[in-house]
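When you get a sec, could you build the whole thing from the sequences and use the hints?
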Amino acid sequence: AIKCLLKAAGLESELGRLTLAGKHHQTVAELYENEEVDYENAVSHYEQAAVYFCFQDEHALANHCLEKVAHYAVYYENYEKGLRVYKELARRALKNNHLLYNTKEYFFKAALCDLAISVASTRQALEVYCRLYPGFKDTREYDLLLTLMGHIELQNVEGYEDTLRMYDSISRLNQFYIINLLRIKKRYFNSPILY
5 AIKCLLKAAG LESELGRLTL AGKHHQTVAE LYENEEVDYE NAVSHYEQAA
55 VYFCFQDEHA LANHCLEKVA HYAVYYENYE KGLRVYKELA RRALKNNHLL
105 YNTKEYFFKA ALCDLAISVA STRQALEVYC RLYPGFKDTR EYDLLLTLMG
155 HIELQNVEGY EDTLRMYDSI SRLNQFYIIN LLRIKKRYFN SPILY
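Heads up, the sequence shown is in the numbering used here, so the first residue is 5 and it goes up one at a time.
Bear in mind the hints are in silico, worked out from the structure with no lab data behind them.
There are no misleading hints in this set.
Under the rule of at most 25 Å between Cα atoms (straight-line distance), these lysine to any residue pairs were calculated in the SDA-like manner:
#1 Lys141 with Asn160
#2 Lys27 with Ser48
#3 Lys85 with Ile156
#4 Lys189 with Glu145
#5 Lys189 with Met170
#6 Lys99 with Asp142
#7 Lys189 with Gly154
#8 Lys190 with Tyr76
#9 Lys189 with Asp166
#10 Lys141 with Leu186
#11 Lys11 with Glu37
#12 Lys11 with Glu62
#13 Lys108 with Leu168
Derived Cβ-Cβ restraints for the label pairs, each shown as a range:
#14 Lys7 with Ser125: 36 to 46 Å
#15 Glu162 with Asp42: 34 to 44 Å
#16 Glu39 with Val161: 38 to 48 Å
#17 Gly154 with Phe180: 18 to 28 Å
#18 Thr23 with Asn160: 43 to 53 Å
#19 Gly163 with Glu131: 15 to 25 Å
#20 His102 with Lys141: 17 to 27 Å
#21 Asp142 with Lys7: 48 to 58 Å
Using N, Cα and C, we set each Cβ at its ideal position, and we do this for glycine too.
What follows is the structure in structure tokens.
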């Protein structure tokens, strides 16, 4: 099925039907993701699909594919790539009133990627995010990031854990956030990760 879809994608691309070529690459990515369990190839085809969708101004389809790319980048601890993609998604969301609501989530995920790399770069990034999207400064996510960075700088592992527990009791953290916040904890506090 994958060979046929790739051949069809090539033909659609040659004929200038880039949205269809993108959909074929997206389907291939989903097959690699769900049936073949080959995330590297899945990401490659999500990226190709996003390129085709962007050429045709199909931004919602492109964003969906880029979200997958960023998710897998972070999952496999390629924080630089995850950061790059989440920042791009946030910039796109800022330009589209229908997607503006997603900006907060994208900046939060980008900041988590930053935090996995460096506290100093996260502080600088938060300033930029707040300039680009002033509403971000009023979010619980922004407050959470500032508090966690404070605990990291003070090497206060108990404070870090308590802050996450309190946040999670009000707004449930999904698996993506939990895994990455635990990885960040391990990085800065040299604590074991217990999944």
